[in-house]
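As a plain string of letters, each chain reads:
10 protein chains.
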Amino acid sequence: MNSQQRRALLETFANPHPRRAYRIEHVQPEYTSVCPVTGQPDYGEITIRYVAAARCVELKSLKFYLQSFRNEGVFYEDVVNRILDDLVAAVKPREMAVTGRFTPRGGMHSTITAEYRARSRKG
Amino acid sequence: MNSQQRRALLETFANPHPRRAYRIEHVQPEYTSVCPVTGQPDYGEITIRYVAAARCVELKSLKFYLQSFRNEGVFYEDVVNRILDDLVAAVKPREMAVTGRFTPRGGMHSTITAEYRARSRKG
Amino acid sequence: MNSQQRRALLETFANPHPRRAYRIEHVQPEYTSVCPVTGQPDYGEITIRYVAAARCVELKSLKFYLQSFRNEGVFYEDVVNRILDDLVAAVKPREMAVTGRFTPRGGMHSTITAEYRARSRKG
Amino acid sequence: MNSQQRRALLETFANPHPRRAYRIEHVQPEYTSVCPVTGQPDYGEITIRYVAAARCVELKSLKFYLQSFRNEGVFYEDVVNRILDDLVAAVKPREMAVTGRFTPRGGMHSTITAEYRARSRKG
Amino acid sequence: MNSQQRRALLETFANPHPRRAYRIEHVQPEYTSVCPVTGQPDYGEITIRYVAAARCVELKSLKFYLQSFRNEGVFYEDVVNRILDDLVAAVKPREMAVTGRFTPRGGMHSTITAEYRARSRKG
Amino acid sequence: MNSQQRRALLETFANPHPRRAYRIEHVQPEYTSVCPVTGQPDYGEITIRYVAAARCVELKSLKFYLQSFRNEGVFYEDVVNRILDDLVAAVKPREMAVTGRFTPRGGMHSTITAEYRARSRKG
Amino acid sequence: MNSQQRRALLETFANPHPRRAYRIEHVQPEYTSVCPVTGQPDYGEITIRYVAAARCVELKSLKFYLQSFRNEGVFYEDVVNRILDDLVAAVKPREMAVTGRFTPRGGMHSTITAEYRARSRKG
Amino acid sequence: MNSQQRRALLETFANPHPRRAYRIEHVQPEYTSVCPVTGQPDYGEITIRYVAAARCVELKSLKFYLQSFRNEGVFYEDVVNRILDDLVAAVKPREMAVTGRFTPRGGMHSTITAEYRARSRKG
Amino acid sequence: MNSQQRRALLETFANPHPRRAYRIEHVQPEYTSVCPVTGQPDYGEITIRYVAAARCVELKSLKFYLQSFRNEGVFYEDVVNRILDDLVAAVKPREMAVTGRFTPRGGMHSTITAEYRARSRKG
Amino acid sequence: MNSQQRRALLETFANPHPRRAYRIEHVQPEYTSVCPVTGQPDYGEITIRYVAAARCVELKSLKFYLQSFRNEGVFYEDVVNRILDDLVAAVKPREMAVTGRFTPRGGMHSTITAEYRARSRKG
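Residue numbers (this note's numbering), protein chains in the order written: chain X, 279 to 401; chain U, 279 to 401; chain S, 279 to 401; chain P, 279 to 401; chain F, 279 to 401; chain B, 279 to 401; chain H, 279 to 401; chain V, 279 to 401; chain Y, 279 to 401; chain A, 279 to 401.
Take these hints with a grain of salt, some might be off.
[As the list claims (entries may be wrong)] Facing chain P, from chain U, some residues (calculated, C-beta under 8 Å):
id: 1; residue: Thr310
id: 2; residue: Tyr321
id: 3; residue: Gln345
id: 4; residue: Arg348
id: 5; residue: Thr381
Source of the hints: derived by calculation from the structure; they are not laboratory data. All residues carry an ideal CB built from backbone N, CA and C; glycine is no exception.
Here chain X stands alone, though its shape is the one from the complex (with noise of 0.2 Å):
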């Protein structure tokens, strides 16, 4: 599957309470994908927090989008960087943090957090 298409899968609708800027966080326990270099499945914990602004993402086109990853070699780095540019690309959130907490792999655990801030907005 590539970029565009999984971008594809990220459904939205109306923001219910557009004016005021209120916190969002969905978090999936259930994350996995493939080692680009063992082959061997890698395993996480997905959390999505946004501040929205016209848009919100829709739960169950999240969760098919999360799956996507299933069956792809992707890095602990690149994954969260890219899952942050496209829900970025669908929602155009006031602002966004993505992180992934992965399970131990040669005794190690790690955790990466990218974060998106719109450029119009003052803090």
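Using the hints provided, position chains U, S, P, F, B, H, V, Y and A relative to the given structure of chain X.
The following block gives chains U, S, P, F, B, H, V, Y and A in isolation, referenced to the frame of chain X:
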């Protein structure tokens, strides 16, 4: 039950210490409503944190108010904002935050937080 | 027991290190009082955090002071503020915070926090 | 909904390994019903453990069956026994246990466990 | 309050499933009484587990019964046995166990468990 | 992958202490397969406990064997029994138990346990 | 302090329910003594579980008895057995167990349990 | 280091209470050795539980004995049995059990338990 | 032991990386002293956090220093400040904090924290 | 192994998203080295958090690098700073922090944290 009937459930009492900006938190781990798409029940924990001005929300009426969503079809992002709007209207607090932590659906669990801050307050 | 009698229970001792602004915390998980509406007992944990000036509160007298609410009818929002007022009067601290975490009633549990800061203090 | 209608909700499938006496456990932490005295909602977790004979209970139908108590007035001691009776009638297991763990009411929380064992079984 | 008055607080209802030997557990984490030597309050959690015969103990009356020890001076070893005696007299169970877990005094915490088993029962 | 190909993945080595009946447990928290009805991924933790006779299962081959279910459609009740059958065939243990603990679906989570005991063993 | 002086610290009171074989447990997490080899302090938690006959051990005297080891040099294996011997001599129980859980030394932590059962008891 | 050299590390002392069959447990969470196939380090927690006869194992020597595996290549199933054999030879206990809980490798974690019981013991 | 003798117990070593302001934390959960009023032992956990300048505190000497309070009568509020004063005198840190968390007395547990910051430091 | 040989173990790869300042964390709970004074093994957990610039550290090489301390004598305060120095030299990050949490010695456990921040970075 329409929005006006629901708001009418909320009762308040005079803040016994109105001159001090102290914090009040109520947590209801027994929230349930219905998914507006599938008709299936949703479950979660609603946390209300506020600094009262002249009025406090009465606990028993808050319980009945939250129970009024039991058989209502409502989205996560919507209900948290509506609870905030209704409580702000009822107790006119200095500031308030409402958080909904919902149980897993499709393996994924969600948390929504909305906040209100009265304009005249100087931090 | 009236308010003056209750305050008289609190004993203090000279702060052994009055020149340093250090933090003191006492936690009483065995607080109980009575609901002023239903007459049913309430239970909770009272946490007192303060920075002493000239005096510290004596622990045994604090225990007796908190026990004095055992058969008193008092609201959550009220008792936390009254404990703060009584302790501020007794030890005249640089700053103080009192938190009450109360056990579930109607499925819902509540936490109240009130704070005091002496005027002359420069942060 | 009468008892017969409720039982009709339960669907079964052929046990894929009927010759082995293996254990199956399903836990539904999202149970809710209504107190028959006060009309207030009750909440709890229902655990079903059984050793199947010819049939297994289908998971989705079990979810709908447990949801059917949502707006029903029923006592703790009663509902656990009725769930056991209905499931025994539906899957005719070698043995079965149903446990309900209910959330605090009046500060007190309750757990009820009822068990069934087919007569012909030799331990 | 004398022993007879206290027992009179306990109300019972007909066991809805008297032919099945199922287990009932009620846990009251909000128990308090008074030390008969020092007059200081004691705190603990009372757990009641039983198999009913013809009658079950009614929950609200059980709460009031346990509250009746609030200002009574009674030893740990004594109160657990007296609760067992009173409940056995009230509901005449097939079997019953009462456990009291008391909070630390002098750094040390105590747990007392007393059990009853009806004579005619065949295990 | 058919059943014979899957079994061929399991490798064994000679039990280094065959005269002692000692216990071996392997836990794989990273199990995943696919629901045969919906095609959606399932997740769980597989625990294998056994007492070896002449052979032990080699850990790396066990990992590959469990991974072979990754894109297979299989029911909970079925997969636990099939893992037990395959491992019993491969290592011919004195006794073995396989447990699958699966993550929530529809709010409900399930645990399946199947056991094997060699006939000639005297307990 | 010699062995006889230490035993003299233990006081007892008449078992208020001598006809019922109920269980009593006291846990002291604040035990400390001194290593007889290095002179360094040891720390641990002492648990005493017993079924009383005619006498119960008085809690305050038990605290003083356990404190008497504070500056004594004694091995783990020895002290647990000596506490058991002293308490059996003092309260002549139907049965008793003493457990010592000691904090890590050289990375390793230890637990010792010794038990006593009166000869005339029929299980 | 050969097997005889390793056993020579274990020192014992006379059981101070040889007539009572009491339980001793030592837990070493800082075990490490080397995988005999890959040369990579393995980590785990070793638990030793025994009932002494005439001798007890001395703690410091036990620490040195377990450290002797630090740079040794040894399989999980093998090392647990060898520790048991060495300790049984050193202290000739009434009974003994050794458990090794090893950290995840390939996502999977393992626990091995081996037990010894002296022949003359009557249970 | 007087104050000067106690301070003499503390040994230091040259900070191996004096140019970097890095954080050091030592936690001693095995602290004990004696209540100056009742003579009863007190227990707690002492946490020391600091940023070294030229010297670091040596761990073994820190252990002996903290042990020197074992049979000393000292108040909670006092001992935490005295440990801070002694350590500041010994290692002359850039900054340091000492926290004492003490076990329950009269049901109530206390935490004291005192901090030091060198004057010349620019934040 | 000298310092230069150890640094040569670290391999890097091109940061796949060099324009975004995202956070990477690797945790190795299986760190061990040797006390330079006593020769006894030390154990701990090493946490590395950084924001990459052009390069990321490769996970397998990081594992080998950390393993290289296995039989090295090194102080807590030293090793944490040296890991930071080596990793900063290898990946030239925007910022980095290394934390070592070491297991109890003499009852006391220690945590050391050192941080690096590139000069050109604007916060």
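Indices of hints not satisfied (ascending): Violated: none.
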